[in-house]
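Asker: Each chain, written out:
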Amino acid sequence: MSATATWVSPSTRPELIDELVSGVDRYNPANGGILEDYLYHQIRSQEYDCLANLAILKLYQFNPDLYNGDVVINILIKALTAAPMPDFNLCLALLGERRPYPESDDDEPDPLPSLLPYLTALSELLHQCRFPEFWKLYKSEPLAPLRENYTIECLGFDDSVREVVVRAVRAAFTKIGKQRLSNYLDLDGEDFVSFVEDVDWSLEDDVITIPPNPDNRIEATVVHENIQFPRA
Amino acid sequence: MSHRMPLWNAETDADDELVEVDVNLALGNYGQNGLYDDAQPRIDETTLVAAQQIMAHQAAFAQIPDGVKRFIVHFYQAITENNLPEITSAYESGWNRMTEKFYAKTEWPEAEVIAPLVNDDPIFLILYRELYYRHVYSRLSPNIDDRFHSYENSCELFNYLLNSEGPVTLELPDQWLWDIIDEFIYQFQSFCLWRSKVHQKSDEEISMLATEEGASQWSCYSVLNVLYSFIQKSKINEYLVAQKKGLSQEDINDIVGEYGSKQLYRMLGYFSVVGLLRVHVLLGDYTLALKVMENVELNQKTSFTRVTACHVATYYYVGFCYMTLKRYTDASRTFVSILNLLFRIKNYHSRSYQYDQINKTADRMYALFAICYALSPGRHDDQILNMVKERYGEQLSRMSRGEEGLQAFEELFLYACPKFITANPPPYRSLPLLAQFVNSPPPEPAQRHVQLFLSDVRNQLSVPTLRSFLKLYTSLDARKLAGFLDEEEEGMVEKMMVLKQASRSISRAGLGGTNAHQGRGAQVPAGESEGGLLDGQTISTSDLDFVINQNMVHISESTVGRRYAGWFIRNTEYAQRVYDGVKNSPLPLPRSTTAPAAPGAKDVAPAPAPEAPVKKGVAWGANVKAA
Chain A
1 MSATATWVSP STRPELIDEL VSGVDRYNPA NGGILEDYLY HQIRSQEYDC LANLAILKLY
61 QFNPDLYNGD VVINILIKAL TAAPMPDFNL CLALLGERRP YPESDDDEPD PLPSLLPYLT
121 ALSELLHQCR FPEFWKLYKS EPLAPLRENY TIECLGFDDS VREVVVRAVR AAFTKIGKQR
181 LSNYLDLDGE DFVSFVEDVD WSLEDDVITI PPNPDNRIEA TVVHENIQFP RA
Chain B
1 MSHRMPLWNA ETDADDELVE VDVNLALGNY GQNGLYDDAQ PRIDETTLVA AQQIMAHQAA
61 FAQIPDGVKR FIVHFYQAIT ENNLPEITSA YESGWNRMTE KFYAKTEWPE AEVIAPLVND
121 DPIFLILYRE LYYRHVYSRL SPNIDDRFHS YENSCELFNY LLNSEGPVTL ELPDQWLWDI
181 IDEFIYQFQS FCLWRSKVHQ KSDEEISMLA TEEGASQWSC YSVLNVLYSF IQKSKINEYL
241 VAQKKGLSQE DINDIVGEYG SKQLYRMLGY FSVVGLLRVH VLLGDYTLAL KVMENVELNQ
301 KTSFTRVTAC HVATYYYVGF CYMTLKRYTD ASRTFVSILN LLFRIKNYHS RSYQYDQINK
361 TADRMYALFA ICYALSPGRH DDQILNMVKE RYGEQLSRMS RGEEGLQAFE ELFLYACPKF
421 ITANPPPYRS LPLLAQFVNS PPPEPAQRHV QLFLSDVRNQ LSVPTLRSFL KLYTSLDARK
481 LAGFLDEEEE GMVEKMMVLK QASRSISRAG LGGTNAHQGR GAQVPAGESE GGLLDGQTIS
541 TSDLDFVINQ NMVHISESTV GRRYAGWFIR NTEYAQRVYD GVKNSPLPLP RSTTAPAAPG
601 AKDVAPAPAP EAPVKKGVAW GANVKAA
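Chains as they are written, first to last, in full-length UniProt numbering: chain A, 1 to 232; chain B, 1 to 627.
In silico DSBU-like pairs for lysine-lysine, Cα to Cα no more than 30 angstroms straight-line:
#1 K360/B x K301/B
#2 K105/B x K360/B
#3 K583/B x K301/B
#4 K178/A x K480/B
#5 K346/B x K301/B
#6 K480/B x K136/A
#7 K389/B x K471/B
#8 K105/B x K419/B
#9 K201/B x K419/B
#10 K136/A x K178/A
#11 K175/A x K471/B
#12 K197/B x K105/B
#13 K178/A x K471/B
#14 K583/B x K346/B
#15 K175/A x K480/B
Hints were generated in silico from the structure; no laboratory data involved.
Can you make the complete structure from the sequences, with help from the hints?
Answerer: Shown next as structure tokens:
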């Protein structure tokens, strides 16, 4: 199975959504609600479907009146923890256009503009593997609105961030010190021990051993040219 | 116009419903009322000035040079007789020759003026206008009327092709069919860019753009409608799937039906798929762009690659998508495969009237390749890499210098990226909002996209420096390495994780092989393995690898055995050209001594081929690339 299969078509994606995402129905503004409901389902049940969420942003791009700042923030939160994959920027690429002007003054202000710089900063910290700084920024006072209004609703958000950490550490380390990993994961004590066990790493004398995998096993090789001739 | 049935209804209905599908139906018609609803008042107006117009037309008619008149009559006859060779020659050379001679700086005569020459044939006049407006766009500067009318003319052409009773009998050369779709999208892009420059608009233009008609013309939905309509009508995706399965022509014809079995519709369908790829890229939707291409096999064997301009555009946009997905290996493989082809056929297509355009796109791809190479240096095709170093050597060295290299990335990206557009017009329909828009305009789309790209670059800025340090060691204490780089140890370890991630990539190169890590470098030409363009497997893209054991960094490097294939291929091709040249040259005069020189022994690009065109490449050359 290719490494992108789950990303292109997650096994949790319902058939109806699959039809929407793959066909021309995705352009029908009337289907926006279905996709938004599916996004909130992802938020509640720790699922992730990037292409379906991009379809929402596509509808917003073509129909600015449909724009909903809360939905966009939730999409970005989901895309954030796909690092180091480019999902977050793929979402932003569809987003940058001018939002509709408020019809009147008593409209709810759009929550996105004030949060977007922080979300972007969080994304950069994850892509740069600066995990301790990520937690520091994420828990800081200015980000209280993000935590209290959004990520608190997003089931397993912290754990999704830790999965980003696991991916980075698994590829680069064979052994890693406990304190370092603990800072990366923002976990200590019992929580730390049980997390390490859950990912099948072993902890001994304050050192965590990461089992061999294709990325942390290195060997010097000589590469020979391999030419295949097409057969007529 | 009857009611507008959106596609999601139409699709579930019987096939015979589909025959009646209107251009505007395929995607529904959201908030854009009919294009021609205002036809009635216009006709009345026309009646009033009819007499003057006839006289004006007669005068204009008298001005047309006889050669041009003869050309138009000849062109018209070729089209009514479906005489493809004659149409091709009139289209590719006659038109351009006449343009150079008589209309280099002015419009061609209006369609109404030349109508008497062609029996007022409506179809020919639509095709004529297609060329007329294309000439206006490429040589002159289109005004707002040209922009609106060229859109209307395209709609008329598409209505005729899609909504006649059954498939039309018209035949056009593939090149022209590609140009129709390509030009349609170009004019759309051009309109979007022009529309977004509010401060250059006159009051009259603003009021025209504020009307219902002005707002609906060239909308994204209407452009996508056209492309999807051709795709559905021609059943091109079904065709591509059937072709991939190796079904017989007869079976394929059964599947694709009366439209899809005709060359005209099949090609328009295919070109519309490529058109969609392009439109989605222009709007920044890279995943959707690659998704619409899922049934297209990127190789040089299908009949669809006969139109070089289409072939080149396909690779340019696909490669660009891969770059934005951070799949730099796939991007460079895509560029290499088309640039190699262009290099091989340059003796042919230098005569094509699109030579300049193709060359410009090729140069952009060299620039994009330079970017990909800077971000993911690994093994690459030597010949293309040498040419990139020739063209962009200075930028290449700047791009490896961390922070100060960002500007080089930005320059190359802005030079080589597509002309991004915004999906929506400025608020022409409300003057106060328009004023607000002018006062604080949103960022230009190209600026938005370059900033996103630069954020990817910024995330891995430290990679080249770290990599060059690690090359010097087989193992090294992390603290010591941090000391060399004047960094905190923790910060350095974080950068090592980034380095690791930057040397892994999802790539199509990993597909097909059983072990993902065998797929390093460009061994299989892009697109040869199965699966859609979004598929891929994680591969290692760097010869240098490392792992951290607590605080000790262990480094290993893969070395490359000596490579022969590229050298043999180039020299065999060179020998072939020399041989063809000798064979085709006249018998030498007794005292002639000018035999072609032997190939240089060094690994250099061969000298330009002799005058004679190369009849065929080395049979196995096209598909083999040095590993």
